[in-house]
Amino acid sequence: MPYSMTWRGIKIAKEELQGSHEEAYYQGIRFRNYQSLGVFSFLVAEILQKQNGTGVYFNGDFDHLCNCYSRLCSTAASKNPRFSIEAERFFSSTTSSTKLLLQVHISLAGDKHMRITWITDDESSPSVVEYGTLPGEYTSIAQGEKTSYSYLFYSSGTIHHTVIGPLEHGTVYFYRCGGQGPEFKLKTPPSQFPITFAVVGDLGQTGWTRSTLDHIGECKYDVHLLPGDLSYADYMQHLWDTFGELVQPLASERPWMVTEGNHEIESILLFQAGFESYNARWKMPFKESGSNSNLYYSFEVAGVHIVMLGSYADHDEFSNQYSWLKADLSKVDRQRTPWLLVLFHVPWYNSNKAHQGEGNSMMASMEPLLYAAGVDMVLAGHVHAYERSNRVNNGKSDPCGAVHITIGDGGNREGLAHNYKNPKPEWSVFREASFGHGELKIVNSTHAFWSWHRNDDDEPVRSDQAWITTLASSGCLADQRHELREILLAP
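The opening position of the sequence shown corresponds to residue 1 in full-length UniProt numbering, with each subsequent residue numbered one higher.
Be aware that a few hints might be false.
Restricting the straight-line Cα-Cα distance to at most 25 Å, the calculated cross-link-like pairs of lysine-lysine (PhoX-like) are [said to hold, decoys possible]:
1) Lys287 / Lys187
2) Lys187 / Lys424
3) Lys283 / Lys331
4) Lys146 / Lys112
5) Lys112 / Lys220
6) Lys220 / Lys187
7) Lys283 / Lys187
8) Lys326 / Lys146
9) Lys396 / Lys326
10) Lys353 / Lys424
11) Lys326 / Lys287
12) Lys283 / Lys326
13) Lys185 / Lys283
The calculated label-pair distances, taken between Cβ atoms and stated as ranges, are [said to hold, decoys possible]:
14) Pro166 / Gly475: 36 to 42 Å
15) Gly217 / Thr171: 19 to 25 Å
16) Ser191 / Asp214: 25 to 31 Å
If you are wondering where the hints come from, they were derived from the structure by calculation, not from laboratory data.
From the three backbone atoms N, C-alpha and C, an ideal C-beta is built for every residue, glycine too.
Using the sequences plus the hints, can you model the full thing?
Have a look at this one:
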């Protein structure tokens, strides 16, 4: 039987098949994860053909799917810009086994150093990076390390991590990975204010994701902050590869600092531990910050100390993460780094009906530490919408608390969380269920400008904005709170 696909069939398939169970619909293609009694079928793909109003299911293997890829993706994408590019990029990767996978991204790795990460399909490829300040003229070379992982029937390419430096601040460098291939360029962050951060969570791989990334690419940012849920691979490991290709144009030029979300867990009882894919592919500077886990770490850039916490790592007061956080906050010098930011995935202050209460246990144990340390802003994702609070602590507005921002609106395939609780809590300033991204420009040691840009009609519309003053310049860290700080931050 020939496998043809029409836009009408694809559209009807989505409308008629979408159910309450957790599945990803790609306008007629759907992927479902099965997990039962330790027997795991990691991918079932069903293609629905609609002819004369009658639906016919085809349970196919990869060869069957790849044969259908060209007609399906081109038809759907031409008719609907929201067609998920996960399907297109997934099939492209499965039919190109000999393709050199680059997936280049960079991250900060301590003072004046940058970690370059890339993937090859040749395990003998060297983990070297050549770099310099002029195109094609590489005056320095660094040797790194390589790793790989297996996930059920999937085997990753060779994943290379190489740290380069010392580098000059605010400088463009040209670099090449593995001793061959294309040249990339990066720009190091500045050594002092002003500095601009692009912020977005829950990216995924959809048409909305592409729009968000396009808008981020248009802003002049120095560092990208991502509070969890990157690829939405959800056990389908090829989608980690397609995500790496999708973000490479941006992630190879500016450092991407990420933390994990629930979609990075990917654990399978008796078969796979959690976070294997994430930890192998997105290595962050946890060792450089004294952490023993890639799931939580900190770093400093310009005059900002940034803490990346793990919502899905143990976080009670007897946990390693809690002890590390307490030690890390106690070392922050607000004269040298007057700004203090914290990121994690599950929001603590959330007036959306989605994911209510999921951050309560982490909030109960860790909010007192953040309050005592005088954290200026907390950035989270998970809820697929945007919300900004007043300064808040212990469930109510507090001028010495942190501004909490939920920004899980990057464009993921699960869609937006439209339903909010009413009446709106007194601490909630602005909330909206739209895809978009945030920009945080820290102007100097006392003032920063926050703006949220909605993806509206393919334009980066600035829909919310606020000036924020650091707590280090207020009376909140003065002597009247000294006793509280001593109690909470004491070794």
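Against the structure, the hints come out as follows:
For a cut-off of 25 Å, the pair hint linking Lys287 to Lys187 stands: about 23 Å separates their Cα positions. About 42 Å separates the Cα atoms of Lys187 and Lys424, which puts this hinted pair outside 25 Å; it is violated. At roughly 23 Å between alpha-carbon atoms, Lys283 and Lys331 fall within 25 Å of each other, so this suggested pair holds. The hinted pair formed by Lys146 and Lys112 meets the criterion: a straight-line CA distance of about 22 Å does not exceed 25 Å.
For the suggested pair Lys112 and Lys220, the alpha carbons sit about 20 Å apart, so the restraint of at most 25 Å is met. Restraint check for Lys220 and Lys187: satisfied, since their Cα atoms lie roughly 11 Å apart, inside the 25 Å limit. Taken as a hint, the Lys283 and Lys187 pair is honoured in the structure, with Cα atoms around 19 Å apart against an allowance of 25 Å. Of the supplied pair hints, the one linking Lys326 and Lys146 is violated, its CA atoms being roughly 32 Å apart against a limit of 25 Å.
Of the supplied pair hints, the one linking Lys396 and Lys326 holds, its CA atoms being roughly 23 Å apart against a limit of 25 Å. Using a Cα cut-off of 25 Å, the hinted pair Lys353 and Lys424 holds, with the two alpha carbons roughly 11 Å apart. With a CA separation close to 16 Å, the supplied pair Lys326 and Lys287 stays within the 25 Å bound. For the proposed pair Lys283 and Lys326, the alpha carbon gap of about 23 Å is at most 25 Å, so the pair holds.
Between the alpha carbons of Lys185 and Lys283 the distance comes to roughly 20 Å, so the proposed pair stays at or under 25 Å and holds. Taken as a hint, the range 36 to 42 Å holds for the pair Pro166 and Gly475, whose Cβ atoms sit roughly 38 Å apart. Taking 19 to 25 Å as the suggested C-beta distance range, the pair Gly217 and Thr171 conforms, at roughly 20 Å. Between Ser191 and Asp214 the beta carbon distance is about 29 Å. The supplied range of 25 to 31 Å therefore holds.
Against the hints set out earlier in the document, violations occur for numbers 2, 8.
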